[in-house]
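Protein chains: 2
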Amino acid sequence: MSSNSNISVGLLGLGTVGSGVINLIENHQEELVHELGCGVNVKGVLVRNLDKTRDVNINPEYLTTNPEDVLNNPEIDVVIEVMGGIEEARNHILKAFAAKKHVVTANKDLIALHGAELHQAASENKCDLLYEASVAGGIPILRGLSDGLVADKIQKVMGIVNGTTNYILTKMDDEGVPYDDALKEAQELGFAEADPTADVEGLDAARKMAILARLAFSTPVDLNDVEVSGISDLELTDFQYGKKLGFTMKLIGIANFDNNQVEVSVQPVFLKSDHPLANVKNEYNAVYVNGEAVGETMFYGPGAGSLPTATAVMSDVVSVIKNKLLGVNGHRFTKPRFEKVLKKPENRYGQFYFRLHVKDEVGAFTTISSLFNQLNISFERILQAPIKPENRNELAEVIVVTHETSLDKFKKVLEDLQNVEVVEEVKSYFRIEGDVE
Amino acid sequence: MSSNSNISVGLLGLGTVGSGVINLIENHQEELVHELGCGVNVKGVLVRNLDKTRDVNINPEYLTTNPEDVLNNPEIDVVIEVMGGIEEARNHILKAFAAKKHVVTANKDLIALHGAELHQAASENKCDLLYEASVAGGIPILRGLSDGLVADKIQKVMGIVNGTTNYILTKMDDEGVPYDDALKEAQELGFAEADPTADVEGLDAARKMAILARLAFSTPVDLNDVEVSGISDLELTDFQYGKKLGFTMKLIGIANFDNNQVEVSVQPVFLKSDHPLANVKNEYNAVYVNGEAVGETMFYGPGAGSLPTATAVMSDVVSVIKNKLLGVNGHRFTKPRFEKVLKKPENRYGQFYFRLHVKDEVGAFTTISSLFNQLNISFERILQAPIKPENRNELAEVIVVTHETSLDKFKKVLEDLQNVEVVEEVKSYFRIEGDVE
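Chains as they are written, first to last, in numbering that gives the first Met the number 0: chain D, 0 to 436; chain H, 0 to 436.
What the hints contain is simulated information worked out from the structure, not anything from laboratory work.
Any given hint might turn out to be false.
Which copy is meant is left open, because identical chains are indistinguishable; a pair holds if it fits in one copy or across any two.
As the list claims (entries may be wrong) - In the SDA-like style, the derived pairs of lysine to any residue whose C-alpha atoms are separated by at most 20 Å in a straight line are:
hint, residue 1, residue 2
1, K410, E379
2, K343, N56
3, K152, P301
4, K155, K243
Just so we're clear, the structure is a prediction, and the values are computed from it rather than from any experiment.
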């Protein structure tokens, strides 16, 4: 056995995740020694209330209400932030870096908002900042993107990274439940919050995709670089057409990287039904990764939960300690290797679905198809469907599925469709994904 | 940057995987330095023919036909075995350990056959023996079982770990192609070998499951502990009943560990169609892991291929070097922590499907159900179906789906069914899996 001396860690916060971390450390000393050549001790825990009864085996003298007892404790090498919130957590972490302590956090909102600043501070102090648990707690995805595939170049990351919306979309798609009812059901089951905005408008997913893209491609993507649209306007009609066409509706985060140019978006997407992500149902999350060497892989798991999150935190703690013992702190997840260059619309490609309400008159169809022809966008399929009785006022519903085209052409044809007289309304449009590459 | 001095590795074999490893090392020096604090050099490659033209950038003076130049080269710390075969590879690896070199191998057959001996030799010499690439090359699963979930206790591993059989079963299930035709198609596409025995009889999957179980549970499972049955006798009739019942037929490796008792099997299983593994199609592989802390996760990816394999080999090389620098070689993947105790049939549980040909006479049904009742096995469903015209000689086809019962009761009722007079024949029986735990 190696003679590395024990490493001490401190916690900010002792809720369910914090308690889980302490229990994991306590119950896995032997495994930790196997991995690290040393044990791990908890030497300080910041709490709000010293007198609260806690279901965790911790020496009470290590509990404190004074952050300095953790952040400036010379015995502590690694600070584990599991308190949540933004400003206080941010200040504590910056102080920890100033005191040359490494930081592990599960705080997604903090990383998405202040990731660049925190990375900068970590880097200046040659410290590690790790946050596996901040994205899809139960999926060891960040580790997959770094350790496991250390020698690979990631080209594409596609993810279902929000359990609330995936639950709602599963209900809509599998059972034909309208959006409002599906949301209500999700709220009753505890899968959606009373104010579901951050979830259903795609913001939570966008935060996670910014983090994933930054790590997968080693380029400093932040939340503002992510194009976001949510699911609150989705109509069952499109789900029904999707079924006919072999598509499943999912809120998908897509991050692409080629020629050192990056694009990141979160949007409702029609996934071809045989794509592995199409079968990820209910509150589950999954991240699909396409690497130059490894090809397609996917990680699937629960999106959240305090035990998965604690496990992910512990993984990061182990990595930080390894890095410390190896003398390589301050690199991984920290310094982006590529400048950020956002991909221009003319270099972004996709297949698209349009649902149009079209005036039922001679030549209408020719007019529409010529709009696409002018831009060299070819059709994969066109459906013309009867409109429901109440709307049978001389309108037809037309579904257009294009072949792959650039995003600028898509935007142009969308504008043209909205301006041409025979089109009464562009009811909806979605990106289509899912060809196996 | 740390001042660890460079680490040198040697290769046994320079086929597509070996060349891939050299290219990855060459093209990722910067990332390797970020991870390790040092670079990685190739200082010896055992080949059969020095004069062959090779598509790889290696100093010709490092190529050799003499194994000693790698195995006893004092500069080399890590030996990478990518030559394949059994006896020669085994002897080389044992020599490498004797010379205190760590070993990374992609050789599944070797590990399944001689894993115990090689682990023993590694352990005695305080060396690492890693073989991520030997199981499902494209899925970073062994890493998931160790690093990523370092602090978790794995309870169950279920895997589709053979691409050939998964391709055949997908054809049979999705398109109703009979076994022989599906096999032929797989052979034509290069997914099955001319002699497909090792794949279709489940041996290849059994080797991988033995390796996965050993790692997941840290107990010395070997190939002989795996109960194996293959897919060559499967009939489309059962696939059709499966569809009606909401099941998909898959060749599944199942490894369970509770109360420190292990069971491992490979067999055709009826998976409930909403289980994530049920949607893993064609030649893809996936491994589903249930951990105490993390809950359900799944890893999905290509089962093989030289680039994924080379990437997995590189992951292991990075781990070995980290362990060396940390002074913790000789532990991970090496010393099992639990004695092997195989689970007894009375402690093994499952749901089962039976297809019976039953004499169409008064009381037959009562006789059958009383066999189950006597053993306290309850029914989930019973179907009685018309038998096809050509067999309509007073026989009925009866499908029984049980609730969960122990394996010894299953075996007893199977024996009873085979011996009772009203049952003309037990046509087939399968384990059912897929309740989300």
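Worksheet item: Which hint numbers does the structure go against, in order from smallest to largest?
Response: Result: hints 2 and 4 break, sorted rising.
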